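Peer 1: The residues making up each chain are set out below.
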Amino acid sequence: MVIKRRTFLKAAALATTSLWVPRFLQAHARPGALAPNGKILVVIQLSGGNDGLNTVIPTRNDIYYRERPRLGIARDKALPLTGEAGLHPALPALKNLYDAGELAVLHNVGYPNPDRSHFRSMDIWHSASPASEYWSTGWLGRYLDAQCAGSTRQCEAPVLEIDDTLSLALKGERRKGLALQEPRQLYETARSPYFTDYSAAQSSREDDDSPAGYLYKTMAETLSSAEYLFEKSRVKLSRAGYPATGLGKHFKTVASLILGGAETSVYYLSLGSFDTHINQAAQQKRLFTELNDALAAFSTDLKNQGRWNDVLVVTFSEFGRRVSQNASGGTDHGTANQMFFLGGSLKQKGLLNALPDLRDLDDGDLKFSVDFRQVYATLLERWLDTAANPVLGQSFEALPFL
Amino acid sequence: MAVSKQLKLQHLLWRAGFGPEARSWRQWELLDDYAWWPRLRSDSAAPPRFFDVADGAVRGLLMGIGELGKIEQTKKEMSTDQKKEVRKKSRENLQSLNLVWLEEMVRTKAQLREKMALFWHGHFASRNINILYQQELLHLLRTHALGNFGDLLRAVSKSAAILAFLNNQQNKKEHPNENFARELMELFTLGRGNYTETDVKEAARAFTGWGFKLDGTFVFRRFFHDTGSKTVLDKKGNFDGDDILNILLGQRQTAHFITRKLYRFLVNEETVPEERIRQLGDRFFDSGYDIMALLDSIFGSTWFFNEENIGCKIKSPVELWVGIRRALPLTLDDPEGQIVLQKALSQVLLYPPNVAGWPGGRSWIDSTSLMLRLRLPHIIAAQGALGLNPKSDDDQMMGQMRAGRLQNRLAAEADWQPLLDIFSSQSERDIIPSIARFLWQTPQANPPLAVLKRHTDPGSKIQLIRTAALQLMATPEYQLC
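Quick mapping for you: the protein sequence lines, in order, are chains A and B.
Quick note: the first sequence, position 357, residue 357 per my numbering, numbers continuous.
With the second sequence counted from 1, adding 1000 to any position gets you my numbering.
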């Protein structure tokens, strides 16, 4: 009987933890491991529909100030980017990155037949489906599928969400990302003697292509990934000061995994809620301060460690908001929105395209000019080194900013 | 390998319901196999009771303002605070409805009815903040769950919940809104690829004017209806919405589409023999869409009990949790913890992800959701009162490590007596295999006895039964039915 290498390793791991060889390292030893170029993508989801027009403010636009007599951000308050555009005053770190040539903004990103339901529009952004279709897998999950297709190598945890539950975006057909709040928590769960014993005892069934096999395999991969990520998160404890906010802690976790040498190529984080129907000014300012301070700490940390050129941070929201303010000091659900790109390796920087045209609206909403799937295609091909077509189901021309 | 009688019975109880109930297990065991299905049918014969959880204030604000022209006006007249209050109350009421239904799944003998209602809930998926509309829709689903699919389709298509969710209130002659017509064809009847874009557009015109009053009652607004001629699926006429529903029900494809989906829900998610679907679907069509007759064909067949169809289905979070509560009766300190649990496992009753319902199958399982599923028995036990083996201290700790909130909120008192009644007469060495046979549906899987022995408490028979049951539920095998 041939003892499979994996089975043997697991048995060895049981004997003594120092012999534990994480599956990640096995993956590393094989050709074509994930993220061969060492690039790392960090996605920040601004949940709830961020008001893009008060994020990058069209400071010379009369229509903007006319439609937002109460909510409009005055030109002298905005942080100037160009003669016509300024950043929300709570985002000085982004302004600094802009000045350093490490920030790019793409305006008017959206999709045809926009949906104004949070759930549905978020579904569309996660699955990258046309608005008329319901897909049950996400674009980063299918990226995982594509990476691991026809391969026997281990592919667990190259896509991580810093959260308690896994978003649709990270669920593939055959592979799924991993969600954790904090590596130690998952590790405490996974090192349960019962689970490790049990998983080892049933390891011969992991290759079974049945639902049972899928469960055994997921269990075994989770246990080994948990240990791997915990170890990596402790290799190089980041000394940099991160804010004690939710997002600040999450970025600290991401930084510690990157600096510890984890092979994770995609990190997924969320901030919200940006659903500012009432009293938008205070709410958006609070969330932007959290975003700003976390990004300031993260970019500084990675620059100091010489890794900023390997990282690309991307923001998106399920939709923007209507051009006109409402009667409650807020804005209602809209359509197209901008995306930010931050990192040390941008080929184009600054404002990548024209500001929204407020004279040409669709029933009070912005018209999109860039399909978000074109952005995904760009990220996949130019950053993650992966063919976009199989992931997105059709071809989109990559944009030149990467 | 022959499938044992016990495994077959459990298979039927898991698929036609939410798993065997420890308290009534002995009665079921005594029945002959030919009596199982008739018993399940008769247990679900009575019409369901109506779950009315709507707050008086919400009802007062939303009901009795029937005149159509006034709807928008009334909404505008409500102050911001009033609207906020209605939304808040409605959300709370939706949680109550969720928990009331969940409790019914655990306790009712009408297992078949509630199981089928869950299927239809995923099929006619609606997210709607309005509690009155949602509780009406749920009642429709439960009432027609075992009746006639045509009646069900017609009732659902005239429900405020679905018409609101799919924007048919905005479907007017001058500005047709295709959302309802599209989902009706794609998800409710024919399935993708069996109609054209033109069919959708034309059908949408037929549904112009279908709407509802603020109190949720259906209304046909003649003024908004497009009376012109339409062509749908090669039929031509001055159709209205009812005509379109009849045309769709007249397509054999509708029967096949529903049959395939139901087969995947009840029998086998991954292996679907097309010839069998064709035969079942034809019979369903010829019966005039008699749902109970279709269930007779499925549960009365021999292939339903084939080994390949047993233990091959990944339980949905609701099936898993309700199943645990049927095997091990729990008195929960805080029933709302079950809402948190549903969220964490991605299946919240009355909040399907979108109109396509829950995708099911392997999509339930990722690293995070699997670990939580595996820890559930430990979370219940971590309260201490249940007493786990000292060797399993880490398992207990584990329950307290992550999601402390969930941990606290799932605190429960378990009633072990029913399980003790079933297994106390077993010899010590037979206890673990016997409990495994009761809790697991995987025909060929034997529990790794050495591992279980290390992680159970042999101190007394009672302790052994308790710890073995918990550990056997904390396994990948228990995720299957």
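These are computed hints drawn from the structure, not numbers from a lab.
Quick caveat: nothing in here was measured; it's all calculated off a predicted structure.
Where is the CB? At the ideal position from N, CA and C, for every residue including glycine.
It is possible that part of the hints are untrue.
[Unchecked claim] Sample of chain B residues with no beta-carbon within 12 Å of chain A, all distances over it, derived: (1) 1102; (2) 1186; (3) 1242; (4) 1365; (5) 1458.
[Stated by the list, open to error] Derived pair list, reagent style DSBU-like, types lysine-lysine, alpha-carbon separation capped at 30 Å: (6) 1088(B) with 217(A); (7) 77(A) with 285(A); (8) 1343(B) with 285(A); (9) 1343(B) with 249(A); (10) 367(A) with 1173(B); (11) 1088(B) with 285(A).
[What the hints assert, rightly or not] Facing chain A, a subset of chain B residues (Cβ under 10 Å, in silico): (12) 1265; (13) 1266; (14) 1269; (15) 1356; (16) 1460; (17) 1462; (18) 1474; (19) 1479.
Peer 1: Against the structure, test the hints numbered earlier, and report the numbers of the ones violated in rising order.
Peer 2: The structure conflicts with hints 2, 4, 6, 12, 13, 16 and 17, although it agrees with all the remaining ones.
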